[in-house]
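Same order as they appear, the protein sequences are chains A and B. If you read the first sequence in the UniProt record's numbering, its first letter stands for residue 1, the second for the next number, and so on. If you read the second sequence in the UniProt record's numbering, its first letter stands for residue 1, the second for the next number, and so on.
Everything labelled a hint here was simulated from the structure, so no lab data went into it. Please note that a few of the clues may not be correct.
Here are the computed distance ranges between Cβ atoms for each label pair [as the list claims (entries may be wrong)]:
no.	chain 1	residue 1	chain 2	residue 2	range
1	A	Glu262	B	Asn281	46 to 54 Å
2	B	Glu285	A	Thr37	21 to 29 Å
3	B	Lys47	A	Lys278	44 to 52 Å
4	A	Asp271	B	Lys320	53 to 61 Å
All C-beta atoms, glycine included, are put in the ideal place defined by N, C-alpha and C.
There are 2 protein chains.
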Amino acid sequence: MKRSFIREILESIDENTISFAGGLPSEKLFPREDLKTATMKIFDNPKAFQYGLSNGITELREKIAARYTKEGFPTNKNNILITTGSQQAMYILAKFYESKDITIEEPSYLGAMNIFRLNHLKMHGIKLEDDGINIEGFKKSFKNTKLAYIIPDFQNPSATTYSDKKREEIAKIVEEEDGILIEDSPYSELYFDKKNISISSKIPKKSFHLGSFSKTLVPSLRIGWIRADEDLIKSLLIIKESIDLHSCGISQYILNEYLEDEVKYENHLQDIRDDYEKKANFFCEQLDKYLPEFKYQKPKGGMFLYGNLEGVDSFALVQKCIEKKVVYVPGNQFYIDKIPNGEIRFNYTHSSFEQIEKGIKLIKSCL
Amino acid sequence: MKRSFIREILESIDENTISFAGGLPSEKLFPREDLKTATMKIFDNPKAFQYGLSNGITELREKIAARYTKEGFPTNKNNILITTGSQQAMYILAKFYESKDITIEEPSYLGAMNIFRLNHLKMHGIKLEDDGINIEGFKKSFKNTKLAYIIPDFQNPSATTYSDKKREEIAKIVEEEDGILIEDSPYSELYFDKKNISISSKIPKKSFHLGSFSKTLVPSLRIGWIRADEDLIKSLLIIKESIDLHSCGISQYILNEYLEDEVKYENHLQDIRDDYEKKANFFCEQLDKYLPEFKYQKPKGGMFLYGNLEGVDSFALVQKCIEKKVVYVPGNQFYIDKIPNGEIRFNYTHSSFEQIEKGIKLIKSCL
Chain A
1 MKRSFIREIL ESIDENTISF AGGLPSEKLF PREDLKTATM KIFDNPKAFQ YGLSNGITEL
61 REKIAARYTK EGFPTNKNNI LITTGSQQAM YILAKFYESK DITIEEPSYL GAMNIFRLNH
121 LKMHGIKLED DGINIEGFKK SFKNTKLAYI IPDFQNPSAT TYSDKKREEI AKIVEEEDGI
181 LIEDSPYSEL YFDKKNISIS SKIPKKSFHL GSFSKTLVPS LRIGWIRADE DLIKSLLIIK
241 ESIDLHSCGI SQYILNEYLE DEVKYENHLQ DIRDDYEKKA NFFCEQLDKY LPEFKYQKPK
301 GGMFLYGNLE GVDSFALVQK CIEKKVVYVP GNQFYIDKIP NGEIRFNYTH SSFEQIEKGI
361 KLIKSCL
Chain B
1 MKRSFIREIL ESIDENTISF AGGLPSEKLF PREDLKTATM KIFDNPKAFQ YGLSNGITEL
61 REKIAARYTK EGFPTNKNNI LITTGSQQAM YILAKFYESK DITIEEPSYL GAMNIFRLNH
121 LKMHGIKLED DGINIEGFKK SFKNTKLAYI IPDFQNPSAT TYSDKKREEI AKIVEEEDGI
181 LIEDSPYSEL YFDKKNISIS SKIPKKSFHL GSFSKTLVPS LRIGWIRADE DLIKSLLIIK
241 ESIDLHSCGI SQYILNEYLE DEVKYENHLQ DIRDDYEKKA NFFCEQLDKY LPEFKYQKPK
301 GGMFLYGNLE GVDSFALVQK CIEKKVVYVP GNQFYIDKIP NGEIRFNYTH SSFEQIEKGI
361 KLIKSCL
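Taking the hints into account, I'd like the entire structure generated from these sequences.
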């Protein structure tokens with residue numbers, strides 16, 4: 001099995017290469033001073049340095065639960081399992097459903113697809129349309145699999161956001177078929193207009209809702225979570241504790257201190273949204289100016305911009321681009337069979353305005 | 001599949017229970033001030049908060065490698081994979097050798113056995129004797145499995161340390177059979193007299209050597225590592241990145257700063273050794289005084305004391321003990337088939353002198 005294209009790229013490109021490849025948040029937005037203040041507070045507490053509970057520290061689970069409840073999705077600490085990034089959340093679930101069949105969107109998140117392969121799940125890809133997964137295809141597939149993995153908010157890679165109608169339809173199908181939905185939601189806070197209602201909130205006993213602080217605070221904390229019915233959470237603990245006993249205690253206590261001030265966190269989230277919206281708009285302008293043959297939908301949030309260079313093999317093109325010191329992820333990586341196509345995923349959050357303009361011009365020069 | 005007895009106990013007992021059960025290091029020895037000083041230094045570095053490399057940060061891998069080299073086991077950064085505790089190191093290896101047969105000691109580390117079960121490995125237990133695994137049994141088993149998992153230094157649970165002769169014999173068998181040895185070594189620094197030579201250093205291309213900062217610094221950092229041949233390390237990366245992309249960056253950068261001062265770390269290790277030796281001696285004295293029917297070998301390092309209450313079912317006994325507010329791990333937990341016996345593992349590092357005396361008296365009262 002091959003490693004992830006993105007992870008390999010991240011490890012092989014030099015610092016002079018303009019990268020639209022990774023899903024890196026902007027370092028300028030890391031609230032380092034506030035995190036430092038929070039960190040200073042944990043050193044008086046010996047418990048922050050000892051082994052802890054497998055499901056995570058109680059105070060942090062309470063805070064995460066409270067955010068759900070505030071949004072109208074009643075949740076308590078026993079519905080939350082802290083994980084080592086939402087990557088691990090996905091790994092735990094894939095291990096839990098080892099060797100099962102699973103319905104996924106196409107294109108889908110590369111990391112999840114690798115996890116599913118590693119845990120012998122058989123993926124059934126259903127076409128993702130502009131307003132969410134094709135419902136007819138989903139219904140037919142889900143009847144057999146009874147298990148689905150989707151990213152309804154600013155999807156990775158396509159930036160697609162599900163319509164309210166499709167959210168309702170998905171919930172209804174999962175309920176009727178008595179199946180399970182894995183709703184991956186690392187980007188839901190990064191909206192430009194409004195926050196969407198999670199599908200999981202409509203089917204709380206039949207869903208796993210995955211969240212992360214990697215995109216809203218800093219990735220290196222490696223803290224994500226699973227929100228699910230208490231019995232479902234309990235059934236995952238044996239896997240969680242086998243993998244790493246518990247997630248980093250230092251990170252959990254830092255986060256717990258940081259989140260004491262809700263207003264500060266909300267302001268920080270708004271700063272990210274404003275900054276990313278500006279970046280997205282600029283990226284679109286530069287594309288329209290220098291690469292008008294690239295067809296895409298303008299993102300409404302998240303970190304990615306996705307589209308198509310018709311008649312071009314974007315996988316072949318990226319090899320040329322790497323030589324010219326610019327890189328993106330070719331669309332074929334996000335499909336189960338990886339047949340080359342003209343699709344491209346651009347990350348717009350990490351590069352500077354200058355790099356964005358220069359990078360797009362460089363891509364054009366490779367055509 | 002059942003969860004780990006120790007993890008469940010840890011989550012269910014109240015704070016008034018004297019616990020000899022977990023493998024908890026002493027909180028009094030956590031170098032919190034020095035860790036705080038190290039932590040202060042990471043906040044100027046944005047890289048410490050961004051996504052990082054799957055194998056871990058370069059500087060930390062170099063420092064770990066240098067410690068091996070200094071001890072006469074030539075190692076460079078590419079031989080090191082940073083893991084989320086050595087628990088994850090074991091998980092990664094179990095996933096890598098999924099569904100294979102594996103030779104293990106009996107008794108063995110409960111957490112590893114659970115990981116092997118979860119990843120469908122078939123365990124073949126070989127009797128652990130006072131100077132290490134029974135060589136004849138090991139040789140016969142390894143001829144078939146070509147894969148073994150052992151803990152040669154102050155073993156968990158038995159505190160057994162392999163003789164130099166048995167170390168040589170194991171290395172010879174692994175070499176001759178062209179197999180692989182997984183050498184788990186979280187306690188090797190916690191010696192009272194001398195550090196043992198790792199078996200892996202004799203067979204560097206046929207071994208995985210597992211280390212951890214959980215027992216020597218603080219567990220909540222969740223940082224361990226695998227030392228192996230570069231090609232073997234590379235073959236593990238797909239699994240490592242699938243599980244959590246990379247281990248906590250905050251922890252890695254804190255550790256990297258802390259380890260800048262080698263002398264400080266060496267002094268700290270000596271403090272732990274001195275403290276634990278005192279605790280071990282005291283535990284032995286109290287056992288001899290209040291529970292003379294418990295037969296054991298005096299530990300030479302590590303965190304555990306292991307022995308036998310002949311004619312007693314230690315699993316039945318622990319249920320009574322829990323009611324009286326004292327707990328240990330019954331020996332049957334460390335065997336593949338878990339048939340009750342009279343064996344008991346005591347952790348001596350975490351309780352106070354007062355608690356040790358009181359706890360042993362309470363156990364006696366349950367007999």
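Quick rundown of the hints versus the structure:
1. A:Glu262 / B:Asn281: 46 to 54 Å: For asparagine 281 (chain B) against glutamate 262 (chain A), whose Cβ atoms are near 51 Å apart, the range 46 to 54 Å holds.
2. B:Glu285 / A:Thr37: 21 to 29 Å: violated, 47 Å
3. B:Lys47 / A:Lys278: 44 to 52 Å: Roughly 24 Å apart at Cβ, these two residues miss the hinted range, so it is violated.
4. A:Asp271 / B:Lys320: 53 to 61 Å: This hint holds: roughly 58 Å between Cβ atoms.
The earlier numbered hints that this structure contradicts are 2 and 3.
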